[in-house]
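S.K.: Sequential numbering from 133 applies to the first sequence in our numbering.
Worth flagging that the hints you see were computed from the coordinates, not collected in a lab. Each residue gets a CB set at the ideal place from its N, CA and C atoms; glycine is no exception. You may find that some hints are simply not true.
[Said to hold, decoys possible] What follows is a list of derived Cβ distance ranges for each label pair: (1) Ala247 to Val154: 13 to 23 Å; (2) Glu214 to Ala247: 35 to 45 Å; (3) Gln158 to Gly204: 34 to 44 Å; (4) Ala247 to Gly213: 35 to 45 Å; (5) Asp151 to Thr229: 33 to 43 Å; (6) Arg155 to Gly232: 24 to 34 Å.
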Amino acid sequence: MKQRSKSSSGKNIPVVSNDRRVRVVQCIRALPKGKVSSYGALAKAAGWPRAARQVARILREVPGLPWYRVVGAGGAIKCPGEYASEQRFRLQMEGVTFRGARVDMKKHEFHFSKARRVR
DNA sequence: AGGGTGACGATCA
DNA sequence: ATGATCGCCACCC
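Based on the provided sequences and hints, a complete structural model is requested.
M.R.: Okay, structure coming up:
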């Protein structure tokens, strides 16, 4: 369900719709096992550039998402405290390798296709 | 309306 | 590599 923007007069700014959120969620769910993406790249792929922080928020509040497959730019783990180790563990369980403290993006970064995945 | 807050990101010392 | 700063943006008082 999309939230209707207030069309009071002819011209109205498109209020922050849930469409963006939905797309972000879909992108997150599209991440294959063993692959990861960064908050920023994900936001961009979802057609919502510069929304890295919003992606993080969504990751926190929407249950059931493979949240651990989303890392910071360059493969850095950005989760606070205990979640950090859990994330690393889960990723390693999927075969994701690390280079020091960060994910080896060279091998595991997922590249979203520009084409619209209709499904 | 206004200010504080991030599971961010890029840049610079 | 590490920490400080600044730009961004939706939320929550």
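S.K.: Verify the CB-CB distance for Arg155 and Gly232 against the hinted window 24 to 34 Å.
M.R.: This hint holds: roughly 32 Å between Cβ atoms.
S.K.: Starting from the range 13 to 23 Å, see whether the pair Ala247 and Val154 falls in it by beta-carbon distance.
M.R.: Since the Cβ atoms of Ala247 and Val154 sit about 18 Å apart, the hinted range of 13 to 23 Å holds.
S.K.: When you take the CB atoms of Glu214 and Ala247, is the distance between them in 35 to 45 Å?
M.R.: 38 Å, holds
S.K.: CB of Gln158 to CB of Gly204, is that within 34 to 44 Å?
M.R.: 21 Å, violated
S.K.: Between the beta carbons of Ala247 and Gly213, is the distance compatible with 35 to 45 Å?
M.R.: 39 Å, holds
S.K.: With 33 to 43 Å as the target window, see if Asp151 and Thr229 comply at their CB atoms.
M.R.: 35 Å, holds
This entry does not satisfy hint 3, going by the numbered hints stated previously; all others are met.
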